[in-house]
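**Q** Going line by line, the protein sequences match chains X and P.
Taken in order, the first sequence gives residues 249 to 514; the numbers are from our numbering.
Taken in order, the second sequence gives residues 10 to 278; the numbers are from our numbering.
If you are wondering where the hints come from, they were derived from the structure by calculation, not from laboratory data.
What you were told as hints is all true, and nothing was included just to trick you.
Within a straight-line C-alpha distance of at most 25 Å, the following computed DSS-like cross-link-like pairs (lysine-lysine) qualify:
#1 X:K436 - P:K190
#2 X:K436 - X:K464
#3 P:K237 - P:K82
#4 X:K357 - P:K177
#5 P:K190 - X:K357
Okay, the calculated bits of chain P under chain X, using three or more residues with CB under 8 Å as the criterion:
#6 178-192
#7 200-211
Across the chosen pairs, the derived CB separations fall in these ranges:
#8 P:V99 - X:D514: 57 to 63 Å
#9 P:W117 - X:A391: 39 to 45 Å
#10 X:S387 - P:A256: 42 to 48 Å
#11 X:A346 - P:A174: 27 to 33 Å
#12 P:R219 - X:S387: 32 to 38 Å
#13 P:A174 - X:R482: 38 to 44 Å
#14 P:A144 - X:Q434: 56 to 62 Å
#15 X:A391 - P:I135: 50 to 56 Å
#16 X:R416 - P:I113: 26 to 32 Å
#17 X:E399 - P:I135: 56 to 62 Å
Just so you know, even glycine gets a beta-carbon here, dropped at the ideal spot from N, CA and C.
Given next are the chains, with one letter for each unit.
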Amino acid sequence: MYKPAAAVQPVGTGAAEAPVLPVDVRVTGLSKTFGEVPIFQEISFGLSRGEAVALVGANGTGKSTLLRCLMGLIPADAGKVDVLGTDVTTANSRALRAMRGQIGLVSQKHNLVPRLSVLSNVVQGLLGQQSGLRHWSQSFAPAASREAAMEALERVGLAHLAARRADRLSGGQSQRVAIARALVGQPKVLIADEPTASLDPAAGEDIMDLFFGLAKDEGVTVVFISHNITHALRYGDRVLGLAGGKMPLDARANSLSEADLRGLYD
Amino acid sequence: MTDLPNTPARIERPSAIAFLGYAAAVVILVWSFTGAGFSVEKVMSSPPRFADFLDRAFPPNLEPRTLERLSWKMLETLQIALAGAALGVVLSLPVALLAARGLIAGAWVNQIVRTILGFIRAVPDIAWALIFVVAVGLGPFAGMLAIMIDTVGFCGRFFADDMEAVDKGPAEALTATGARKLDVVACATVPAAMPAFVSTSLYATEKAVRSSTILGLVGAGGIGIELKVGFDLFDYPSAMTVIGMIAIVVIGIEQLSGWARTKIIGEQR
Numbered sequence: 249m250y251k252p253a254a255a256v257q258p259v260g261t262g263a264a265e266a267p268v269l270p271v272d273v274r275v276t277g278l279s280k281t282f283g284e285v286p287i288f289q290e291i292s293f294g295l296s297r298g299e300a301v302a303l304v305g306a307n308g309t310g311k312s313t314l315l316r317c318l319m320g321l322i323p324a325d326a327g328k329v330d331v332l333g334t335d336v337t338t339a340n341s342r343a344l345r346a347m348r349g350q351i352g353l354v355s356q357k358h359n360l361v362p363r364l365s366v367l368s369n370v371v372q373g374l375l376g377q378q379s380g381l382r383h384w385s386q387s388f389a390p391a392a393s394r395e396a397a398m399e400a401l402e403r404v405g406l407a408h409l410a411a412r413r414a415d416r417l418s419g420g421q422s423q424r425v426a427i428a429r430a431l432v433g434q435p436k437v438l439i440a441d442e443p444t445a446s447l448d449p450a451a452g453e454d455i456m457d458l459f460f461g462l463a464k465d466e467g468v469t470v471v472f473i474s475h476n477i478t479h480a481l482r483y484g485d486r487v488l489g490l491a492g493g494k495m496p497l498d499a500r501a502n503s504l505s506e507a508d509l510r511g512l513y514d
Numbered sequence: 010m011t012d013l014p015n016t017p018a019r020i021e022r023p024s025a026i027a028f029l030g031y032a033a034a035v036v037i038l039v040w041s042f043t044g045a046g047f048s049v050e051k052v053m054s055s056p057p058r059f060a061d062f063l064d065r066a067f068p069p070n071l072e073p074r075t076l077e078r079l080s081w082k083m084l085e086t087l088q089i090a091l092a093g094a095a096l097g098v099v100l101s102l103p104v105a106l107l108a109a110r111g112l113i114a115g116a117w118v119n120q121i122v123r124t125i126l127g128f129i130r131a132v133p134d135i136a137w138a139l140i141f142v143v144a145v146g147l148g149p150f151a152g153m154l155a156i157m158i159d160t161v162g163f164c165g166r167f168f169a170d171d172m173e174a175v176d177k178g179p180a181e182a183l184t185a186t187g188a189r190k191l192d193v194v195a196c197a198t199v200p201a202a203m204p205a206f207v208s209t210s211l212y213a214t215e216k217a218v219r220s221s222t223i224l225g226l227v228g229a230g231g232i233g234i235e236l237k238v239g240f241d242l243f244d245y246p247s248a249m250t251v252i253g254m255i256a257i258v259v260i261g262i263e264q265l266s267g268w269a270r271t272k273i274i275g276e277q278r
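Please model the entire structure based on the sequences and the hints provided.
**A** Right, dumping it as structure tokens:
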């Protein structure tokens with residue numbers, strides 16, 4: 249079982265505590281079981297506005313499941329999840345859609361629609377806010393949506409590839425487009441599930457720099473999963489660690505060493 | 010050379026249940042051959058009769074007036090096939106959306122629509138042609154409707170299977186943006202299934218062309234009636250011309266379909 253090192257500074261006990269910010273995500277007593285297998289039990293934490301939080305832990309500890317519970321993509325068994333003022337565990341589908349419209353998701357795999365253009369893929373990132381035929385393709389999209397999508401592509405440095413088919417991009421380019429799709433709706437919370445897992449180390453570094461640069465510029469709350477301990481400490485303001493179905497680690501990144509995090513993988 | 014422990018046997022002995030299954034399969038096959046009137050004697054005595062038919066059928070009737078008449082009928086056959094297949098493919102998409110599990114309709118709707126599609130496929134196209142001849146009268150329109158319904162039965166099922174089989178990643182990504190189910194299906198599922206749709210539609214067109222050549226046998230338009238008349242009147246040269254034309258058109262359509270499949274779908278499949 250993971251035991252935090254003595255030097256680890258748990259959140260809420262530090263002398264140089266950050267000013268109190270609004271909480272965008274509040275998880276209370278969350279539990280999830282798949283069949284007979286408990287994934288995690290009674291997890292609680294909060295994410296303050298503008299905070300970047302790394303979620304770490306060994307394979308099978310439920311990191312991706314936890315993020316999917318946050319978005320209401322899979323139901324939790326017990327506990328409460330409040331995201332941007334919406335109680336995800338009790339919300340109806342309309343309220344869930346409205347909440348998701350304020351969140352951006354970047355997954356391990358870019359999950360672009362392969363046969364559509366890069367611009368259409370980014371325009372579709374607005375579907376949560378503006379449902380319907382006009383956002384099915386860039387060809388029908390309103391001028392404002394096309395402009396917003398082109399600006400998002402410009403921010404990830406791929407505006408020149410807007411007309412290219414998504415399945416003709418490299419892995420790094422595809423992940424950049426996925427980031428543009430997540431950002432186009434100007435989300436308040438960004439969720440990233442190992443966004444560099446399918447990339448080589450150099451492309452992975454580029455994507456992380458880009459992702460966190462943009463997130464900081466926008467003042468967006470970020471929660472990201474990473475198996476790269478260096479990334480977790482470099483890009484996270486705070487680190488949450490899952491092990492043994494619990495969350496034994498919730499500490500400021502600057503109070504942690506790589507050895508502290510390796511303990512989660514023992 | 011030493012025998013390693015636990016090396017699997019080259020041929021495994023079947024279990025008692027498997028053995029009974031094989032024995033039952035052999036019995037069913039023998040029963041089927043008996044029911045089908047299989048006769049080695051008839052097979053052995055058929056070559057002289059077949060040769061006699063070929064002797065009377067060759068050379069095929071290539072008189073200009075016959076060729077012109079048959080060409081118009083062949084053109085009508087193609088029109089029946091293309092119109093019926095096109096309408097059938099278009100109608101198949103909404104039907105498939107209702108039949109595909111986990112997309113826009115609930116499990117009960119999926120099951121009901123799949124059962125109806127199963128019924129449509131169970132009824133042969135020639136039987137549909139007979140039904141539509143009764144409903145709308147003799148002629149190519151009945152044939153077109155028969156092809157249409159046959160295509161819906163075929164494409165509706167396969168379009169639904171294709172949509173169920175696509176990578177769920179893009180759909181989850183759009184769901185996570187807050188998109189509605191219909192938006193997700195239109196933007197992620199349908200585009201991802203499009204290569205399979207194109208392939209299935211082209212195959213349905215080939216199938217429609219083959220089917221439409223015999224619908225004339227029951228008065229549903231097309232060249233089939235010429236084949237029937239040829240055999241009924243022992244005009245085997247004309248019947249052979251019809252068979253030759255059907256073969257040329259069907260093979261041509263298959264080649265064209267293969268070329269179109271490569272052009273449209275490209276290197277993806």
